[in-house]
Amino acid sequence: MTREAYERELQRLRDDVVRMGERAGEAIHRSVEALRERDVTAAERVIAEDDAIDAQHMDLEQRCMRLLATQQPMARDLRAIAAVFAITIDLERMADHAEGISRAVKRLGSEPPVMALEDIPRMDAQLQEMMRDTLDAFHAQDPVLARRAAAKDDAVDELRNRVLHDLLDLMISDPQTVPRALELLIVARHLERAADHLTNVCERIVYMVTGELRELNV
Amino acid sequence: MRAPLIDRTTGIQAGDVHAWFDKLHALRGITMTIPERKVTAIIGPSGCGKSTFLRCLNRMHELVPGARVGGRVLLGEENIYSDGSDPVLIRRRVGMVFQKANPFPTMSIYDNVGAGLTLAGERSRRRVEQVVEQSLRAAALWDEVKDRLHKPGTSLSGGQQQRLCIARALAVSPEVLLMDEPASALDPASTLRIEELARDLAQEITIVIVTHNMQQAARVSDLTGFFLDGELIEFGATNDLFTRPTDRRTEDYITGRFG
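In the order they appear, the protein sequences are chains A and B. Quick note on numbering: the first sequence equals residues 20 to 237 in the numbering used here. Quick note on numbering: the second sequence equals residues 477 to 735 in the numbering used here.
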């Protein structure tokens, strides 16, 4: 691989990470939409499309390995490749959470909702905003924006706690709702975990740019 | 009981070292502390002064006609450039291994290793025998040559010849070992042996290695200094220098963007 081809491949890796991130974020959003609309077909589509994200992850990982093996990258190149390696794992897991939400949608089927869905779509909105900022930070190599994006995880956690309390109240007052409420709890849990993965991505962006590997949101 | 081969080692402090080849100002004020019992790597593009610096550490630079050195180099407490300092003695205390293995062509393996000691006036054959064996063992060559010690040094493979030269350098119990591109002419397996050897030896002796091969510097050294245009640009822990260098020029060099 010539120097020019190496530079091009590094850039292509970065572009593909952004694309994979957009795809994972979209999968989450579509799974929450499917929940809101009680649209089992849409949920099935999200599940089916997870394979493509898995394949993208494998492809990126193999390309990182090839660069490591053939180019002996150093310093910022090495950090970028190491970061991409880790980031794609988190993005792939995020997409798995979208699949998990979609499976909950399928189990709920067309059963009537146990409560008005407000905080779960809010969690999704917050997550989408976090994803946009994260991908912008990755693209612009901006550690400040990455830290700011990671800080949004707190809002997702807060919403998740609220969902948990509301559903607990509901289940106590009406045990009939337990199976359906539990599915919503699972959905909220998936969203919260997805936000945690985005926090990991932000940590890798900070590392990629500054060389400092530190946990954010401790 | 046998005396240890390396009985003392020391660090080196270079203070504002300048070097010239006639009018060419090849080193421009290098100040660095090379700690004892560590491997310190010097990297940098061709012509940056890294080999010149190495040769200033044992007064070999001045052997080149028209070459001059300024500043001070402390070997332990002693400035090797002070009046009255004996360059021959300094070169014994600071051994050197070169890019191309250079065993004495007419000598056997045994004589190659023992030569320095004999030249230094060692009369006891038993002592020379002991030191030859110790040196060859320290250079990880003993098992391969113990049955043919009286064959010519040049009958060995390139990698073995380089280890023979390391054994020869060790035989006079140096306090520091300088290695100038010691593996650049060797195949990957022989290169790894030399690197392993450098790591092992660093438990006993201070090593300074000049290399073009950054992966080698990353693998073998504890500290790395980056030279450019006769200046020391950055010097620090090897792990840091190769993962997060602080100077843009270091970053550009090690990522292959110039040089």
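Please note: incorrect hints may appear among the correct ones.
Claimed, not checked - Quick list of simulated restraints, FRET-style, between CB atoms:
hint	chain 1	residue 1	chain 2	residue 2	range
1	A	Val37	B	Asp728	18 to 28 Å
2	A	Ala170	B	Ser522	29 to 39 Å
3	B	Lys514	A	Ala144	29 to 39 Å
4	B	Lys499	A	Asp155	52 to 62 Å
Treat the hints as calculated values from the structure; they're not laboratory data. All C-beta atoms in this analysis are idealised placements derived from N, C-alpha and C, irrespective of residue type, glycine included.
Verification of the supplied hints:
1. Val37/A <-> Asp728/B: 18 to 28 Å: 25 Å, holds
2. Ala170/A <-> Ser522/B: 29 to 39 Å: 48 Å, violated
3. Lys514/B <-> Ala144/A: 29 to 39 Å: 55 Å, violated
4. Lys499/B <-> Asp155/A: 52 to 62 Å: 54 Å, holds
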